[in-house]
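For the sequence shown, the UniProt record's numbering begins at 1 and goes up steadily by one.
Each hint should be verified, as a subset may be incorrect.
[To be verified] What follows is a list of derived Cβ distance ranges for each label pair:
no., residue 1, residue 2, range
1, N116, Y250, 45 to 51 angstroms
2, L115, Q218, 22 to 28 angstroms
3, D233, D169, 22 to 28 angstroms
[To be verified] Mimicking DMTMM-like on lysine to aspartate or glutamate, the simulated pairs with C-alpha atoms at most 25 angstroms apart in a straight line are:
no., residue 1, residue 2
4, K119, D183
5, K86, E56
6, K91, E19
7, K91, E21
8, K135, D100
9, K91, E22
Hints were generated in silico from the structure; no laboratory data involved.
All C-beta atoms in this analysis are idealised placements derived from N, C-alpha and C, irrespective of residue type, glycine included.
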Amino acid sequence: MTRDHYVSEHQRYAKRLAELEERSRQAHQQRQQPNKKHISKRLPRLRHHHYRKNGERVFKLVLVFGLVLLLMAYIISPLSKLSFVKVVGNKELTATNVEDAVKVYPGRFIWGVYLNRGKLCRQARVTQPRIASAKIRVTGLQSMTVTVQENPLLGTARLGKQVYTVLADGHLQVTTMDSTGIDYRQFNGHRADLQLVARQIGKLKPAIRSGISAIVYQPTKQMPNRIVLYMRDGNTVLANKNTVGTKMAYYPGIAANMKQNGVVDLQVGAFSYDYGAKDK
1 MTRDHYVSEH QRYAKRLAEL EERSRQAHQQ RQQPNKKHIS KRLPRLRHHH YRKNGERVFK
61 LVLVFGLVLL LMAYIISPLS KLSFVKVVGN KELTATNVED AVKVYPGRFI WGVYLNRGKL
121 CRQARVTQPR IASAKIRVTG LQSMTVTVQE NPLLGTARLG KQVYTVLADG HLQVTTMDST
181 GIDYRQFNGH RADLQLVARQ IGKLKPAIRS GISAIVYQPT KQMPNRIVLY MRDGNTVLAN
241 KNTVGTKMAY YPGIAANMKQ NGVVDLQVGA FSYDYGAKDK
């Protein structure tokens, strides 16, 4: 009786376990079926998204390579050659002078000029000292603008047998031209002093500078730095080579108060007296 009881319990337990396993299998099937339907619905959209992304990547690659090919074609084509160069800022130098110094002229490849613009501008200042600075800009597919700032030509000086043009930065350039502007005299053997005086005069406003006819180096024991400026208005100025660039700024005001031509002394202070005056 006891054994039959155990057998009966075991059968019920086995039946119950089989029922639970069947329910679990059915529940699992029910969970799987919606997922399959959901994935089947999403699959076309995923494919469309994938195709769209691939298309964008291909388009970008084609665009980049296309631009590179266009750029390469432009670089080697006549379209990249300069056809027009504009020079601005020049007053005494001609446009041809500037183009030759900077080496920017029609016919050159524009990209070659642009990539070497810094070097070309530096070389221009060496080749043509009258160029104080230069700047190159691209203004079109076949055009460029060269902007220059000139180093003013002050005049000429003779050192030994050679004549030099004197520039505002003190640079001396060999020349065969006749004397123009300021005539620098008695600087033979005093090249450094001539360059110093030129830099000082270069500080002056053009209106004052253009009023100077000649500058003579005349040092004395008492005034070893003395220079004499002969003005186009008939006055004579005594000045110090180290300070003439500052002191000459007072000249227009002093000359305006003079009743007749005379001497303006700017060596130490700033005063004037008439020619022939006893009290100097």
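What hint numbers does the structure not satisfy?
2, 4, 5, 6, 7, 9
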